[in-house]
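Colleague: Could you put together the complete structure from these sequences and hints?
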Amino acid sequence: MENKRFEITETAGSVKGFYVVVDKETGVNYLVAKFGAGAGICPLIDKDGKPIVTK
Numbered sequence: 001m002e003n004k005r006f007e008i009t010e011t012a013g014s015v016k017g018f019y020v021v022v023d024k025e026t027g028v029n030y031l032v033a034k035f036g037a038g039a040g041i042c043p044l045i046d047k048d049g050k051p052i053v054t055k
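Under this note's numbering, the first residue of the sequence shown is numbered 1, with each subsequent residue one higher.
Keep in mind that a hint or two might mislead.
Listed below are the simulated SDA-like cross-link pairs for lysine to any residue, each with C-alpha atoms no more than 25 Å apart in a straight line [as the list claims (entries may be wrong)]:
#, residue 1, residue 2
1, Lys4, Lys34
2, Lys4, Ala33
3, Lys4, Asp48
4, Lys47, Lys4
5, Lys50, Glu2
6, Lys24, Ile45
Label pairs and their computed distance ranges (CB to CB) [unchecked claim]:
#, residue 1, residue 2, range
7, Lys4, Ile52, 30 to 40 Å
8, Asn3, Ala39, 17 to 27 Å
9, Glu2, Asp48, 30 to 40 Å
10, Gly49, Glu2, 27 to 37 Å
Hints listed in this document are in silico derivations from the structure and should not be mistaken for laboratory results. Beta carbons: idealized from backbone N, C-alpha and C, even for Gly.
Modeller: In structure tokens, the structure reads:
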């Protein structure tokens with residue numbers, strides 16, 4: 001059985017290559033940037049520096 005831990009919840013409008021991804025186990029939101037052969041990922045944080053969590 002396939003377990004889909006991560007879910008793409010949002011794409012950045014007309015700018016292809018940016019995605020908001022949620023870890024369904026922890027609820028932490030990540031910004032993923034993917035262009036050509038390069039990619040990067042970082043947690044989204046609030047104004048206090050804490051990770052944004054979707055419940």
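Colleague: Against each hint, give a clear statement of whether it holds in the structure.
Modeller: Structure-based check of all given hints:
Note on Lys4 and Lys34: the hinted pairing holds, with a Cα-Cα distance of about 20 Å set against a maximum of 25 Å. With a C-alpha separation of about 20 Å, the suggested pairing of Lys4 with Ala33 holds against the 25 Å cut-off. Restraint check for Lys4 and Asp48: the C-alpha separation of about 30 Å exceeds 25 Å, so the hint is violated. The straight-line distance between the Cα atoms of Lys47 and Lys4 is roughly 29 Å, outside the 25 Å bound, and the hint therefore fails.
Distance hint between Lys50 and Glu2 is unfulfilled; the C-alpha atoms sit about 31 Å from each other, more than 25 Å. For the proposed pair Lys24 and Ile45, the alpha carbon gap of about 17 Å is at most 25 Å, so the pair holds. Taken as a hint, the range 30 to 40 Å is violated for the pair Lys4 and Ile52, whose Cβ atoms sit roughly 20 Å apart. In this structure the hint that Asn3 and Ala39 lie 17 to 27 Å apart at CB holds, the actual value being about 22 Å.
A beta carbon spacing of about 36 Å between Glu2 and Asp48 agrees with the range 30 to 40 Å that was offered as a hint. At roughly 34 Å, the beta-carbon separation of Gly49 and Glu2 lies within the given 27 to 37 Å, and the hint holds.
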